[in-house]
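A.B. asks: Chain by chain, the residues:
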Amino acid sequence: MPGKLKVKIVAGRHLPVMDRASDLTDAFVEVKFGNTTFKTDVYLKSLNPQWNSEWFKFEVDDEDLQDEPLQITVLDHDTYSANDAIGKVYIDIDPLLYSEAATVISGWFPIYDTIHGIRGEINVVVKVDLFNDLNRFRQSSCGVKFFCTTSIPKCYRAVIIHGFVEELVVNEDPEYQWIDRIRTPRASNEARQRLISLMSGELQRKIGLKVLEMRGNAVVGYLQCFDLEGESGLVVRAIGTACTLDKLSSPAAFLPACNSPSKEMKEIPFNEDPNPNTHSSGPSTPLKNQTYSFSPSKSYSRQSSSSDTDLSLTPKTGMGSGSAGKEGGPFKALLRQQTQSALEQRGGSPHRFCRRREFPFFTLTAFPPGFLVHVGGVVSARSVKLLDRIHNPDEPETRDAWWAEIRQEIKSHAKALGCHAVVGYSESTSICEEVCILSASGTAAVLNPRFLQDGTVEGCLEQRLEENLPAGCGFCHIPYDELNMPFPAHLTYCYNCRKQKVPDVLFTTIDLPTDATVIGKGCLIQARLCRLKKKAQAEANATAISNLLPFMEYEVHTQLMNKLKLKGMNALFGLRIQITVGENMLMGLASATGVYLAALPTPGGIQIAGKTPNDGSYEQHISHMQKKINDTIAKNKELYEITPPEISEEIIGSPIPEPRQRSRLLRSQSESSDEVTELDLSHGKKDAFVLEIDDTDAMEDVHSLLTDVPPPSGFYSCNTEIMPGINNWTSEIQMFTSVRVIRLSSLNLTNQALNKNFNDLCENLLKSLYFKLRSMIPCCLCHVNFTVSLPEDELIQVTVTAVAITFDKNQALQTTKIHVEKSLQRASTDNEELLQFPLELCSDSLPSHPFPPAKEHLESASSNSGIPAAQRAVTVEKASPMGEGNFRNRSAPPCANSTVGVVKMTPLSFIPGAKITKYLGIINMFFIRETTSLREEGGVSGFLHAFIAEVFAMVRAHVAALGGNAVVSYIMKQCVFMENPNKNQAQCLINVSGDAVVFVRESELEVVSTQQPTANCQPSCTGGEVTT
Amino acid sequence: MTSELDIFVGNTTLIDEDVYRLWLDGYSVSDAVALRVRSGILEQTGATAAVLQSDTMDHYRTFHMLERLLHAPPKLLHQLIFQIPPSRQALLIERYYAFDEAFVREVLGKKLSKGTKKDLDDISTKTGITLKSCRRQFDNFKRVFKVVEEMRGSLVDNIQQHFLLSDRLARDYAAIVFFANNRFETGKKKLQYLSFGDFAFCAELMIQNWTLGAVGEAPTDPDSQVDDMDMDLDKEFLQDLKELKVLVADKDLLDLHKSLVCTALRGKLGVFSEMEANFKNLSRGLVNVAAKLTHNKDVRDLFVDLVEKFVEPCRSDHWPLSDVRLFLNQYSASVHSLDGFRHQALWDRYMGTLHGCLLRLYHD
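Heads up: the protein sequence lines correspond to chains A and B, in order. Take 1 as the starting number for the first sequence in UniProt numbering and just add one per residue. Take 1 as the starting number for the second sequence in UniProt numbering and just add one per residue.
In isolation and in its complexed conformation, chain A is listed as follows (with noise of 0.2 Å):
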């Protein structure tokens, strides 16, 4: 018996009319846990009645707690008919069971209904009692948190970060089991989210146990995926990073020094001081606990496409971007030396960290400083599968392999880059029909596993210089050897530290390092295609896409690279490229945040060459086009500040002719088989930088690299966490989502017609987002979210989530200068030898941090690598002007007379202006929307404006209830809309997750402090949490 769930129903409002006749309804409410349910009393003749229940108590194992929602139906009583639902409230009781998150979740939530929408409002109180239990056989893994978050919570320190967890479990979706026939749309939908909601719960469970046995005690970068595979199920599977965490509880952590950023300096020994070896019991722990449920790698070869079930048509294709190339020829042979050389030149640590977990991956994007020593660049893979009925889903072995597969084809081409770990790794998949695309892509990296923690930062000085840490250039140094390249790759000696060699391009998926020294300001870089493909049947089907994938991805990789050098840029971060099909068409959609690493050597422009040269007015054609893009060269370099210092080429000695890139897909090698294949699919041994045009295809090209408006001025996009070069946010935030669909004419189905309307489609998309915010400028939409979908033959779907922030304009232009100081700093660098150390570290966020990370890790960064005092002195006054706009930020009218607290969300892991001091759980939540009078609601996009509105609604509820005011990391992982204006019905299924936080404005913290703290804090964040 080891927990007591407590339930009690308070009361409702604006409850519909259910009784047309007395223009009332009779309301009472039903309690479900597992198979126990309760009634409270009918509440006669009210749209707000009072129920004031007593304390409906179930008595459950925690296995179930953790997998089942609390369910609450409302309903209408009627003596004579059927009672009549009014709708559901399914409430997440997970939250309450780990100790320092919630306590007790009270609140009023939307009654939600499927097919009616939010009907009204209830108040519940719900608590639970847990027991505990000793049996180490159990089941239960309460007490593991969960965070979305991709980066060590703000709150907490990673004591041992333990590596890649997952866990996928599959059902049958009851929108496809028989009984669906006969019972109500309504019905149907409720089982649907009634069993998503399980699932998650049991997923969540597993993962959790896993985290358990491998002696942590969170998951941090929790992603989880629902695949609709329609007719043969339904799978939830989830990705995370497990790790142990330390709460800061220490005094230090809450001295709200916010204001004066002379004590924040101050207080940097101090955040350092938890030392750990205070905890060096833990990292002794791992390599017994690998409990994947798959059996990995027996037989993943290409080959073994004959058997039904794994139906693998690949080439999975692989793509090494991020380092340069020259030739392409010799790569098969040095592959696979590469591999072992790394391994045996990198000695110990890496190869231990690589024995202890079968998948180094962290889903980690963000990092303490110094955790990340090289990044090699992005690895991804992708694999075509055919979907058949699961038929046991308690042995999901099937999905399990396919995975494992896809993950271990990663790990192989992070070795091929002499990287011993994924970072900033995901999985997605694509479904249409019974064709299934699964896809994983991460960036190779060498991690350090002694992060230094101890000591102060005059003690470490000394030591430091010696051991020579690169300071914002060292994770650009290239990870393979440069003898034994894995790839011809063209190489430069770093031009920040002048000792390491660096790639001229570098590509990743992760957010970019704080510590990076950054020229001018980032932006999003975005990369679009469409292929159409003949309509198919199951294996010639999956046959078209394979051949299709690796002309898709290497197209996109040449747009994107083409974007980027025409930005003036040279490094990608947050890349995320993702391939959509549809039943006649593959959409693939790339975005990422380009910046100018002043550690990279600067981009070379882009050369047109002509194919008939003898054709005077297509000459003269032809260098318009090169001045046009010339033009645009400069005027964003302009436009985005890029300023490299000049010294550059001729200290190095060695400057780079002709900047040259070879885009390079390479099929992978399997385990089994041993031939290793590259497939080359540049043009030929041309140089990819000069685009050659010879048809019209290549003018559209060119054409579509010009049609990129950049954004009006005041606006800055970029789809990572924080924006390169900007650093004075203020607190005003607006988060939303954007959908738009549109329906192509069957007419002009061509490539370059269907490019255009994809291009047009985004383009005018983000205009109009630029147009609506634009009360906000100066400002940045950060974390640009764009989702692609086909949900039908010509239909094309964006679904767009970011957060605006606001930042103050002249203190931008300060920084900037900043970094171009920074940037010319000889900071001493290298990091040659990895130390045998367990991987254990600090997080770098600790409390007292206040709002923008970035400006706090810069000057954690600073201080650390020893930059003199007049350079700090620089940072101290940057950070200044933050007060301000705090202050500006008080003076607006306060929410005094509104009962409705205000709840932020952002997909951003931090809250500007604010400090996070407490974490209330996940929020994962599935919703079904359906109607069946369109017209009636506003058209498909009054249904779908309305749907959101609520899931939105519902999310805050969820987080108020819970004593939070702010989700972070939110974000909408599936928007599937579904419609069918001739029968006036459509449907939509939306899934959302994040973190539920408690956060405290700096402006407030200054009252937390001096006064014990009462009024400020939410109720449930006491005792430990707010001391002084």
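One thing to keep in mind: the hints can contain errors.
[Unchecked claim] Pulled a few chain A residues facing chain B out of the computed Cβ check, cut under 10 Å: (1) Val709; (2) Lys767; (3) Leu769; (4) Tyr770; (5) Phe771; (6) Gln797; (7) Val803; (8) Val902; (9) Lys904; (10) Met905; (11) Ser941; (12) Ala946; (13) Ala953; (14) Met954; (15) Val967.
[To be verified] Per the computed footprint, the stretches of chain B lying under chain A, defined by three or more beta-carbons under 8 Å from a beta-carbon of chain A, are: (16) 40-48; (17) 52-63; (18) 72-78.
Please keep in mind that the hints were generated in silico from the structure rather than gathered at the bench. All C-beta atoms in this analysis are idealised placements derived from N, C-alpha and C, irrespective of residue type, glycine included.
Add chain B to chain A, keeping to what the hints say.
C.D. replies: Positioned in the frame of chain A, the structure of chain B alone reads:
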């Protein structure tokens, strides 16, 4: 390529004040887009017409969804679907309940019934305000009327509490409700020169002085108190007003009154001779208006009578406003010196209000 679906949903609901105004003014999306284009917004922002169209549609959709809540403003504050900062909520409500001067003059004092609603077409044509906007304004009047109709207590307070309007707007609505309830005639040609502000001013004075609530008679027995405190005129008071008739019916009293006023004003009034000549007519007019107020019909004609009996005669003799003020002051005050007159308090309650009203009504 056609856009099937195009939406934008912010965690904080975006409200564009300009678009809101266009929506409130009843423009269709295409008209609104055209008007926005004309405002030069495209040049300012570098946006395209398509962007403007999409933006306008989005806002219209949002407003349409919000409209249901705006019908009961406290709901807007408590609802969870749209996260709107309080200052914006106030703006939404205030603007939604704002009305056009031209429109309110057309319906002021009319019964807020279906019959009147049918005339909105004509009003729309006459005033140039879109029918949609007319409907909204009319429905607002009617909604406020319905809600506060049966309520006790201060009219302004009730309106403020249930519609969360600013003090000013709540006072205006109180006037509208008061006029609608008492059906004062305001549409006659000779009243056309009066603005809504003039009537609202009078309504406020009347609510303050002539209603039951005004006397501060807290109902000792709530059941007996059937009349609304602020909306209905104090019947007893109206009944008593008959007593004032003596001022004009008793010739001696009338002469005494006249001589008192004339003595006091001699040399101070530019239009003294006109006043002297007209005194009896004016006084008869004012007292007879009072005496007639027992009949509903005459209550409705109150403003017509005041203009006919007082404003117009004075105006035709070109009285300056300052003279009117002097006269009214003296006219009211002199009654206190009439020994034979016993209804001093009644006179003050009547004349105090009328005094203010007349001054307000006296203009071109």
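A.B. asks: Against each hint, give a clear statement of whether it holds in the structure.
C.D. replies: Going down the list of hints, with the structure as the test:
1. Val709: holds, 9 Å
2. Lys767: Holds - the Cβ of Lys767/A comes within 10 Å of chain B, reaching about 5 Å at its closest.
3. Leu769: holds, 8 Å
4. Tyr770: Nearest chain B Cβ about 8 Å off; hint holds.
5. Phe771: holds, 5 Å
6. Gln797: holds, 8 Å
7. Val803: Holds: closest Cβ of chain B sits about 9 Å from Val803/A, inside 10 Å.
8. Val902: holds, 7 Å
9. Lys904: holds, 7 Å
10. Met905: holds, 4 Å
11. Ser941: holds, 5 Å
12. Ala946: holds, 6 Å
13. Ala953: holds, 4 Å
14. Met954: holds, 8 Å
15. Val967: holds, 9 Å
16. 40-48: Answer holds; 4 residues pass the 8 Å Cβ test.
17. 52-63: holds (count 7)
18. 72-78: Holds: 3 residues of the region 72-78 of chain B have a Cβ under 8 Å from chain A.
When each numbered hint is compared with the structure, no violation occurs for any of them.
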